[in-house]
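Let's have the full structure, built from the sequences with the hints guiding it.
There are 4 protein chains.
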Amino acid sequence: MRSFKNDYSEGAAPEILAALVDTNGEQTVGYTEGDPHTERARALIREACGQPDAAVEFCVGGTSANLICVAGMLRDFEGVVCTPDAHINTHETGAVGACGRTVLPTHDGDGFLSVEEAERVWGFQTSCGRHMTRPTLVYITDSTEFGGVWDRRRFDEVCDWAEGHGCKVYVDGARLGAALESPANDLSLGHMASRADAFSIGGTKNGMLFGEAVVIRDPDLRRDFPYLQKMRGGLMAKGRLLGVQFEAAFEDGLYWRLARHADECALALRDGLMAAGYEPYLRSDTNQQFFTVDAGLARALEDACGCEIFLTLPDGRQVVRFVCSWATETADVAELVAFCSEMPR
Amino acid sequence: MRSFKNDYSEGAAPEILAALVDTNGEQTVGYTEGDPHTERARALIREACGQPDAAVEFCVGGTSANLICVAGMLRDFEGVVCTPDAHINTHETGAVGACGRTVLPTHDGDGFLSVEEAERVWGFQTSCGRHMTRPTLVYITDSTEFGGVWDRRRFDEVCDWAEGHGCKVYVDGARLGAALESPANDLSLGHMASRADAFSIGGTKNGMLFGEAVVIRDPDLRRDFPYLQKMRGGLMAKGRLLGVQFEAAFEDGLYWRLARHADECALALRDGLMAAGYEPYLRSDTNQQFFTVDAGLARALEDACGCEIFLTLPDGRQVVRFVCSWATETADVAELVAFCSEMPR
Amino acid sequence: MRSFKNDYSEGAAPEILAALVDTNGEQTVGYTEGDPHTERARALIREACGQPDAAVEFCVGGTSANLICVAGMLRDFEGVVCTPDAHINTHETGAVGACGRTVLPTHDGDGFLSVEEAERVWGFQTSCGRHMTRPTLVYITDSTEFGGVWDRRRFDEVCDWAEGHGCKVYVDGARLGAALESPANDLSLGHMASRADAFSIGGTKNGMLFGEAVVIRDPDLRRDFPYLQKMRGGLMAKGRLLGVQFEAAFEDGLYWRLARHADECALALRDGLMAAGYEPYLRSDTNQQFFTVDAGLARALEDACGCEIFLTLPDGRQVVRFVCSWATETADVAELVAFCSEMPR
Amino acid sequence: MRSFKNDYSEGAAPEILAALVDTNGEQTVGYTEGDPHTERARALIREACGQPDAAVEFCVGGTSANLICVAGMLRDFEGVVCTPDAHINTHETGAVGACGRTVLPTHDGDGFLSVEEAERVWGFQTSCGRHMTRPTLVYITDSTEFGGVWDRRRFDEVCDWAEGHGCKVYVDGARLGAALESPANDLSLGHMASRADAFSIGGTKNGMLFGEAVVIRDPDLRRDFPYLQKMRGGLMAKGRLLGVQFEAAFEDGLYWRLARHADECALALRDGLMAAGYEPYLRSDTNQQFFTVDAGLARALEDACGCEIFLTLPDGRQVVRFVCSWATETADVAELVAFCSEMPR
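Protein chains in written order, with UniProt numbering: chain G, 1 to 345; chain W, 1 to 345; chain V, 1 to 345; chain Y, 1 to 345.
Heads up, some of the hints might be wrong.
Take a look, some chain G residues computed to stay more than 12 Å from chain V by CB distance [claimed, not checked]:
| no. | residue |
| --- | --- |
| 1 | A48 |
| 2 | G123 |
| 3 | R154 |
| 4 | G272 |
| 5 | D315 |
A few chain G residues that don't get close to chain W, going by computed Cβ distances all over 12 Å [claimed, not checked]:
| no. | residue |
| --- | --- |
| 6 | P14 |
| 7 | E92 |
| 8 | E302 |
| 9 | A331 |
| 10 | V337 |
| 11 | P344 |
Output of the computed footprint for chain G on chain Y, the stretches with three or more beta carbons under 8 Å from beta carbons of chain G [to be verified]:
| no. | region |
| --- | --- |
| 12 | 75-83 |
| 13 | 128-135 |
| 14 | 225-233 |
Don't read these hints as lab results, they were simulated from the structure.
We put the beta carbon where it would ideally sit given N, CA and C, even for glycine.
Here it is as structure tokens:
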């Protein structure tokens with residue numbers, strides 16, 4: 001059976017790969033500094049965002065993009081507020097902290113940063129002046145680590161709160177395509193771009209060989225990013241590679257089609273499993289689906305389709321994660337649903 | 001009325017000050033590198049700890065001692081487990097994080113690190129290999145931020161747990177005197193020194209003008225400390241000053257007498273306030289006492305005796321902290337108890 | 001005319017690209033953690049090095065590889081000795097320094113670290129104990145930034161010196177292929193691997209799309225590298241991409257053939273220009289060639305073939321750099337030599 | 001014989017010590033945050049500098065002051081230009097680098113930063129855009145590490161150069177008193193304060209028990225300093241101690257009288273040794289004097305008066321340093337001159 005382990009288990013979508021092959025013989029300047037593909041990709045992304053003055057930069061991967069942007073928007077003694085499950089808090093080996101900045105997790109349990117928790121953390125951290133890390137940045141993820149989609153109301157609430165508290169906003173868009181193409185979404189790329197000080201547009205998990213774009217409105221980060229990117233080891237010598245891929249992805253909407261396909265597969269999977277009596281952990285309308293199962297079943301599913309055992313609940317049951325990608329096929333979903341339906345529970 | 005704000009509001013105990021004055025004219029080598037007072041202080045502390053081979057170093061202050069030791073015992077990608085109220089987690093402006101290391105707070109609410117919470121954090125942080133900060137150090141505070149005293153059983157439990165999980169142990173002893181001289185204490189300096197990989201012996205809050213001693217058994221930190229201390233700006237040019245003070249404090253038990261006096265004042269205050277119907281927040285048997293009062297009373301007490309409003313509870317009531325020191329007098333306590341008894345509640 | 005600007009101006013060698021295309025549909029685990037291509041590449045490189053127990057890791061780029069390894073082999077207060085032109089000293093925006101470690105350049109002017117200068121820097125840096133950054137690592141580049149080749153005698157001298165002074169040795173092999181395939185080379189990969197504590201094998205500048213391998217004998221770095229790589233943002237999600245490329249490069253000697261071709265083109269260019277009366281700046285036997293010309297000619301050459309103006313001499317003349325790669329053709333070299341020969345000087 | 005090893009070998013001047021003793025019983029708020037002595041010291045220093053709006057902060061020591069200010073004025077990828085002998089480059093164990101910032105030494109050999117060398121370093125470091133550490137700060141020391149005094153012309157030249165190149169200026173004034181009280185000085189405190197973005201006023205080496213003041217005009221550093229100081233472990237709990245000392249030093253010119261005395265002793269020593277045929281290494285008009293002697297004589301002098309062997313020249317001769325302080329007496333100088341005069345050379 002096809003693996004549902006994650007969305008970075010396979011190569012690039014055929015159109016992306018073809019673009020890399022077609023341009024392989026071209027000689028270009030390096031470092032994303034002016035080759036025609038990178039410049040064209042920049043223009044396409046600026047246009048898609050409705051931000052003609054934003055900087056668009058290209059990174060080798062998500063952790064690199066996050067640490068450059070998050071640490072780059074913080075002075076030494078400042079911190080970033082995020083949910084406890086945030087990638088920068090749990091799965092990047094302290095990368096932001098390794099740059100000397102502090103991650104300030106809330107107690108939110110569902111992947112969405114709440115204004116109440118942001119306010120609580122902010123209130124605590126500013127209660128003792130210079131003796132405490134000062135929160136000046138908010139980090140959210142769309143779609144969230146649990147597959148959730150930020151709707152416009154919720155997003156605006158957080159942005160309003162941030163604005164009112166002297167905080168900037170960064171959106172980790174490692175799975176931004178999956179979020180914006182979800183049927184549950186009502187947030188436009190343009191609106192997000194108009195309020196976030198910076199955000200990433202993930203390629204690795206959406207059909208590219210590798211690479212993330214970063215859109216930057218914040219003037220300080222715009223100025224500093226080129227230096228920080230080189231200094232943090234995140235600048236690609238053959239910058240063209242990133243430009244070529246994002247050019248192909250944004251020239252005619254391929255980026256969004258790939259994401260929509262992954263979402264559709266995942267929603268079919270979700271509906272199939274629910275129909276078969278499986279219990280969703282948290283509602284997800286994107287390409288990651290989470291179900292709560294007994295430990296024995298979790299292991300069986302892991303063996304069968306590579307799904308990850310995401311967490312273990314206090315009662316011993318486990319949450320498994322199924323991930324669909326651009327490469328998942330309808331038949332793969334049907335096969336998995338059939339398999340799951342037949343498993344004893 | 002005398003202020004009960006904190007134990008670093010005043011100068012040095014007379015004996016300490018006299019030692020500084022008496023030695024003021026001596027010419028010595030700098031940097032705690034071999035002047036006779038520093039060497040004598042080292043010998044006295046080693047003897048008091050029963051650790052003839054431990055390194056004893058002297059620092060200008062507690063944050064400096066903590067950041068040098070904690071960051072110094074961690075490799076870049078490692079983290080330190082502590083309670084959420086730990087000084088390194090809340091009141092040092094991210095000093096450990098600024099050295100690129102990560103603080104990993106538990107959910108313990110009473111100032112004591114529990115084995116259960118340490119295990120939970122450790123389990124989570126090691127669940128995803130290289131993708132997560134690796135916990136390799138445990139940080140505890142004796143007495144705790146809430147005035148609690150680590151008894152031997154509890155201390156050994158944490159040390160056993162740490163040993164079993166490849167973690168070192170650091171004890172922040174900013175108020176170690178208050179802990180070890182408390183009537184609630186059954187932990188000897190010798191036993192603590194035999195199990196902690198490093199710990200501090202606070203002078204600033206126990207009658208010295210300033211300064212903390214650090215006792216180090218950990219061989220790596222022993223070797224690195226001199227360099228780290230200079231590099232982090234924590235090495236005093238006139239190192240003699242620290243040596244002279246700790247020599248005076250440990251020559252004939254002055255250090256312990258000063259701490260015992262502060263404890264006795266605070267326990268008399270506690271008993272007086274409880275007799276007057278005040279409600280303790282958490283039990284403290286040391287020189288800091290915490291009481292829960294209405295917000296109005298909190299402000300009145302703050303105005304009268306400088307006590308700090310330590311935290312606000314969900315029900316709106318506030319926890320105030322009274323701190324006694326070497327300089328508090330019995331009459332000061334009596335005056336405060338009388339004042340509090342007369343306050344309307 | 002084909003550009004001679006650098007060896008990372010173009011895509012991948014056809015065999016490398018084909019391997020990526022051929023494996024594009026495979027589903028593999030991520031992060032270089034066990035996919036068959038990465039494991040095969042590791043085995044091939046270990047075998048080529050004669051180091052069955054070495055760790056072989058794969059990085060996205062050279063700066064990332066350098067900062068992870070160099071900072072990873074240094075404790076906080078330690079430094080790395082290198083030549084002033086070393087990439088880590090000049091062209092990585094202080095990447096090693098951004099990890100809190102110190103770069104200690106010598107005064108060597110020709111790209112080769114001399115034992116005399118290493119000794120001088122070491123002597124100075126250890127003359128004042130804890131007050132100075134302690135040198136514990138030596139960084140060399142083969143081929144050097146000026147195209148030079150480390151011969152075995154010179155290499156062993158530096159390794160002997162390092163061994164005698166408690167220093168480890170790291171070789172930046174961004175252009176290792178060009179060095180080892182040069183006619184001037186008498187140093188085997190096996191010998192280098194037996195003495196360097198860690199070294200990189202550059203792919204980006206030798207026909208791969210991107211990527212560097214790192215070979216690690218040093219036990220501490222072996223243990224820490226996986227964490228450091230993730231923490232510094234240098235771990236690729238689709239780790240397979242790196243494995244596939246290095247597998248293709250090392251399966252049948254392609255890596256070395258590509259390098260030899262680039263060297264041969266460059267030596268033909270060198271001989272052609274010298275025959276035409278051009279003056280070499282420093283002798284290079286590898287794929288980078290440096291010539292001293294008048295400023296006007298420098299600009300004309302830059303316009304014609306993209307060569308970089310590398311530095312300006314005190315007398316106003318300039319050093320231009322021509323770089324050949326796997327993609328350079330004999331006819332390109334002939335065209336450039338003809339062009340240069342006709343230029344008025 | 002009295003030791004001439006350094007100016008931090010002894011305690012505090014009697015007036016400073018008396019001020020500490022007199023105020024020992026006062027209860028004050030901590031952390032230099034508003035106690036009357038600290039506020040008075042701030043006002044006195046602002047007045048002396050003619051900078052009513054400058055921030056005046058107090059640090060425990062020179063390395064701490066330097067690292068907070070220098071790193072605090074640099075973004076992550078920026079560097080500070082200084083002479084190779086600068087304290088931050090050689091004798092602070094890489095403290096600035098440990099904050100992730102880069103020190104960019106020139107080749108100046110006499111302790112004075114020259115505009116020519118600043119320009120050269122700046123030109124090199126900005127020749128390759130984002131690939132190189134960007135110089136944005138100039139660090140000078142007055143008096144220099146070799147005892148030299150910055151005259152107004154030279155100082156203005158560097159400040160003009162900095163202004164023209166987008167660089168800020170920091171003056172390390174660890175021995176500022178010795179500089180400004182030197183007969184060779186024509187630079188007023190007010191003029192320096194009007195041009196430096198920040199500078200320190202050293203207490204440790206000029207008769208205080210310990211402590212340095214920092215005067216800050218730079219608006220960014222003013223805003224950040226309180227947080228940075230706590231975060232770097234450089235904030236003293238009993239902040240009063242620093243306030244009391246600087247209040248006593250600046251109330252009636254004591255600071256300057258102490259420095260002038262040290263200078264006068266040193267100049268008498270210099271003249272005496274020159275009359276006896278000793279050869280000065282570099283001209284110094286302040287409290288440090290440097291003489292070139294044979295190695296045997298260097299050792300004999302070191303044994304006799306504790307002077308440091310500062311460096312060894314290529315010809316094997318050595319430079320010894322004699323330092324006078326507030327505590328040096330005329331008779332001490334006479335004794336040393338007599339001793340030196342009798343030594344066989």
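Results for each hint:
{"no.": "1", "hint": "A48", "in the structure": "holds, 24 Å"}
{"no.": "2", "hint": "G123", "in the structure": "holds, 31 Å"}
{"no.": "3", "hint": "R154", "in the structure": "holds, 28 Å"}
{"no.": "4", "hint": "G272", "in the structure": "holds, 21 Å"}
{"no.": "5", "hint": "D315", "in the structure": "holds, 30 Å"}
{"no.": "6", "hint": "P14", "in the structure": "holds, 30 Å"}
{"no.": "7", "hint": "E92", "in the structure": "violated, 7 Å"}
{"no.": "8", "hint": "E302", "in the structure": "holds, 15 Å"}
{"no.": "9", "hint": "A331", "in the structure": "holds, 32 Å"}
{"no.": "10", "hint": "V337", "in the structure": "holds, 28 Å"}
{"no.": "11", "hint": "P344", "in the structure": "holds, 28 Å"}
{"no.": "12", "hint": "75-83", "in the structure": "holds (count 3)"}
{"no.": "13", "hint": "128-135", "in the structure": "holds (count 4)"}
{"no.": "14", "hint": "225-233", "in the structure": "holds (count 6)"}
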